[in-house]
Amino acid sequence: MLARERVLMALNHEEPDRVPIDLGSTPVTGICRNAYADLLACLGLSAREIRIADMLQQLASVDEDVLQALDVDFRPVTTNPPASFRLQVRDEGDRESYYDQWGAKLSRPKAGGYYFDYVQYPVKESTPEALDRYSWPDPDDPSRYEGLRERARALRERTPYALVGTCDLGTDILARPQWIRGYAASMLDLAAASDFAEAFLERLTQIAVRAWSHFLDQVGEYLDVAAFYDDLGMQDRPLISPTMYRRLVKPRHARIIETIKARTKARVFMHSCGAVGEFIPDIIEIGVDILNPIQVSAAGMGDTAELKRRYGWHLTFWGGACDSQRVLPFGTLAEIREETRRRIADLAPGGGFVFAPIHNIQDDVSGEKTLTLYRTALEQGRYPIG
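Sequential numbering of the sequence shown, starting at 18, is according to this note's numbering.
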């Protein structure tokens, strides 16, 4: 069975020959640079310069030979950085830093620093004037979409893989203010129920809608999945109350999804880490087709059999493969195999499941463990399950 056929059957809640497998088709189903280097060695593949797909998270761009070795069924289609922006990492003594296209500064220590953290935020004041002065990214910049139609068409016509589209300005309506204002300030803005907070979210939504419109005008006919991201959960509870979500964020998520579905037949993938069980009926209502990453170590998310029973006919679960906070980094190979087998048994029956790591595979995960994870998926993910 071709990869695209397998994926479409799973997304239609049918059982293909095996569970579809993802690694690296999105910035939330990837693998960090050092873990990737170790995986290359475990696969017996040649050492090479590792390309970085996401500077903040230090994600590797997964090479085609690795995708084929792991039987990955997806390939990414992503907007370009604008021609006017060049990411430059600066030396600051014992640290290195860069500014992103939103004007925020990120930094990490050279010794022992795996990832970059936000350290300076461009919007200092919670006033309408501050939003007017801020230099917003331009979603109408044609360089963001240049060449995408040709790239997506070539992948569609010349490969058997399912295509996942990511629009970099089309996501993070709730999360982005944390990176432009700072976490504490953005939460206080929301709690104050201020006109500023609503205006901020509205500007982000307008940018997202325009960006998705341009992106899908180029590639919508070729995509199988359109992915957007916005964290709603913490480890032990929702990030904001369901009431606040329904008032401030849900209507804006709905507008983005309406924009996507008006321009493509692709299924809508939504990423949110953490304890998001209270939001699942809401995201189903606004048209989300796929939920990622099913963080089984978060409150209320561990009973994957119950999640499947309650929501499995409404949502495809993309992730949930193995507890990424405890079992994958710290468990034995036998524990990884058993955890992965159990999650597949819970989530895969009847289709509606894509195997992927729970968020990105971190740098403390050995190549042997990553390989065990994916080999178990191939062994245990054959239908009929069990």
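Since the hints were derived computationally from the structure, they do not count as laboratory data.
Among these hints, one or two may not hold up.
[Unchecked claim] Mimicking DSS-like on lysine-lysine, the simulated pairs with C-alpha atoms at most 27 Å apart in a straight line are:
{"hint": "1", "residue 1": "Lys-141", "residue 2": "Lys-122"}
{"hint": "2", "residue 1": "Lys-278", "residue 2": "Lys-267"}
{"hint": "3", "residue 1": "Lys-141", "residue 2": "Lys-267"}
[To be verified] Now the in silico label distances, taken between C-beta atoms and shown as ranges:
{"hint": "4", "residue 1": "His-331", "residue 2": "Glu-66", "range": "42 to 52 Å"}
{"hint": "5", "residue 1": "Asp-108", "residue 2": "Ser-160", "range": "21 to 31 Å"}
{"hint": "6", "residue 1": "Ala-322", "residue 2": "Gly-61", "range": "31 to 41 Å"}
{"hint": "7", "residue 1": "Asp-149", "residue 2": "Arg-399", "range": "53 to 63 Å"}
{"hint": "8", "residue 1": "Glu-113", "residue 2": "Asp-381", "range": "12 to 22 Å"}
{"hint": "9", "residue 1": "His-331", "residue 2": "Arg-150", "range": "36 to 46 Å"}
{"hint": "10", "residue 1": "Arg-65", "residue 2": "Glu-113", "range": "14 to 24 Å"}
Just so it is clear, the structure is predicted and the values come from calculations on it, not from any experiment.
All C-beta atoms in this analysis are idealised placements derived from N, C-alpha and C, irrespective of residue type, glycine included.
A quick look at each hint next to the structure:
no., hint, verdict
1, Lys-141 - Lys-122, "13 Å, holds"
2, Lys-278 - Lys-267, "16 Å, holds"
3, Lys-141 - Lys-267, "26 Å, holds"
4, His-331 - Glu-66: 42 to 52 Å, "43 Å, holds"
5, Asp-108 - Ser-160: 21 to 31 Å, "28 Å, holds"
6, Ala-322 - Gly-61: 31 to 41 Å, "37 Å, holds"
7, Asp-149 - Arg-399: 53 to 63 Å, "57 Å, holds"
8, Glu-113 - Asp-381: 12 to 22 Å, "21 Å, holds"
9, His-331 - Arg-150: 36 to 46 Å, "43 Å, holds"
10, Arg-65 - Glu-113: 14 to 24 Å, "23 Å, holds"
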